[in-house]
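Start from chain P and add chain X according to the hints.
From first to last, the protein sequence lines are chains P and X.
For the first sequence, the working numbering assigns the number 10 to the initial residue and increments by one for each residue that follows.
For the second sequence, the working numbering assigns the number -16 to the initial residue and increments by one for each residue that follows.
Rather than coming from a laboratory, the hints here were simulated on the basis of the structure.
It cannot be assumed that every hint is accurate.
Below, in silico cross-link-like pairs of lysine to aspartate or glutamate (DMTMM-like), each with a Cα-Cα straight-line distance of 20 angstroms or less [stated by the list, open to error]:
{"#": "1", "chain 1": "X", "residue 1": "Lys149", "chain 2": "P", "residue 2": "Asp18"}
{"#": "2", "chain 1": "X", "residue 1": "Lys(-2)", "chain 2": "P", "residue 2": "Asp225"}
{"#": "3", "chain 1": "P", "residue 1": "Lys296", "chain 2": "P", "residue 2": "Asp225"}
To be clear about the criterion: a stretch of chain X counts as covered by chain P if any three or more of its residues have a C-beta under 8 angstroms from a C-beta of chain P, and this derived list gives those stretches [unchecked claim]:
{"#": "4", "region": "21 to 28"}
{"#": "5", "region": "130 to 143"}
No residue lacks a Cβ here, since even glycine has one placed at the ideal position from N, Cα and C.
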Amino acid sequence: MMDERIVFDRFHEALEMEPRPGAYERLSFAITTSPATRTGRQAYRMRWTTMGLRFAAVLTAAVMAVAAIAAFLATHHSPVGSVPAGQDRNVIAYEAMVTRDYATMDRATSNNNCATIQDQGCPAAIQRVIPTLQQWVGDLDTAKTPAGLQALDGQLRAHLTAVASDLTNAAAFQRANNSSGFDQAMAAGLYERAWIDPAALTLEGSYPRLAGSFHDEISLVRRSLSACVNSTPSPADLGCSRLSTGTVCTAARAQACEGDVQSAATEIEGFLIGLAQNPPPTALAGKDAQLQRDLAQADSFLLAITGDLMKGDTLQASLDDSSFAITVNTSGGDASAIPTG
Amino acid sequence: MVFQAREIDLINSAKAGDRGAFAELLRPEYRTAFRLACGLLQDVDEAEDAVQEAAFSAWRRIGNLREGSILRPWFLGIVANQCRSVKRSRWWSATNSEQPEGEAPEIDVAASLDLRRALRRIGHDERLILVLRYYLDMPFEEIAATLGITPKAARSRVERALRRLKPILNMQGATA
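So here's chain P without its partners, still in its complex pose:
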């Protein structure tokens, strides 16, 4: 008979690991000095070249067009076609579709040999995954979106479309032997994946709850957006705040701008998830829907800024940045109009 002590010992022998020297200090530094965006390892950092940006331009324009359509669908989805969340069979079917399509995409991205521009397995790997993304968007288009999830559903379509474009770009850059373009496209795809996962898990109903109640989430949205537009940001709000001041997205600061875009997108995704997980009281449903629509619109402007930067169009990036700032301000007004209990 093996007693529990042996199980403890085996786990310790198998997993024993200590933090590397300076790990906490690096975290502390990141918290106290940088925006709340992930500081990825070198392999995932974007590098910016004119050639890479030009290559991405045409396809990115297409992405933005589709993203705009997706945002439109998200913000104008007819409530008539919606069903209330719960054990409704349409809800069950919707969640099952998200789970299935996520798993299909996940399988398609497994066991490939595509990490660097030298890897010959990239074209096949990319060809395998893009149809799964397109299929997923198609399924979302035809499914009956449960009530309260329209905004997040619409933005998921936009981000899925963006990933398909990123991977298509990566394949083109590889054919052109453009290493920095390839890295940039793959990095963009990796970031989108980080956005897609929490959204997909929320839509399938398995993401951990981000707030205790609808009112808790509204309080957080109000506090955060107020900090963003009033230039009193916490680290989590810095990306949003910098974009709202409109001084970031110059040619010289394109990379910093993209970092702020990712930070702001992560923050807004959190709001959309928190609201999707916490249905409002019936009397506040209209105001909740308006807030979600405006947050989705803000996310669409962030996607647009990324597309502008990939094209090297910093003028358009500034315009979209201004639109983002206006939409964030509007969203803050939406949230303030909702009583918090």
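Only chain X this time, still in chain P's reference frame:
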């Protein structure tokens, strides 16, 4: 009591926007958080990233930490959720080395490899509860606080997860 009072002060300062106070709050939790992430992800780089991402997420949500709550179980819960996302976020299948980088030589390498493989074959929730119990040496009460369940449920889930692991690991007779 002194420590608790200091933690409450730091939490209040962090809620008021003091980033330094928040970083200070995480100092005593960092090692445990890292080991949890490492146990779940079995990758040092990803574990560091996951703890960092969880820290930012915690900062974003610090206003939701209820009055009188302590940070540790709340933060470890966020780390666990982050690891779950990371596990599913590997865009291209990451090839994990069978032995994490920098690991000290082990007494029984084959058995350790078996255990790491076995942990990869069970679900996130089962892996989490086993790592909390047998790697972080948590009592059931602390596991319960981290997962938001009762101590009784924590014990029962540990037993169930261990039963799932046994046939894979051939840990005949192991009891929780």
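Now for the hints, and whether the structure bears them out:
A C-alpha spacing of about 15 angstroms is found between Lys149 (chain X) and Asp18 (chain P), which places the hinted pair at or below 20 angstroms, so the restraint holds. Between Lys(-2) (chain X) and Asp225 (chain P), the direct Cα distance comes to roughly 15 angstroms. Compliance with the 20 angstroms bound is thereby established for this hinted pair. Using a Cα cut-off of 20 angstroms, the hinted pair Lys296 (chain P) and Asp225 (chain P) holds, with the two alpha carbons roughly 15 angstroms apart. With 5 residues bearing a CB less than 8 angstroms from a CB of chain P, the region 21 to 28 of chain X meets the requirement of three and the coverage assertion stands.
Here the region 130 to 143 of chain X counts 0 residues with a CB under 8 angstroms from a CB of chain P, which misses the bar of 3, and the coverage is violated.
Of the numbered hints stated above, the single one contradicted by the structure is hint 5.
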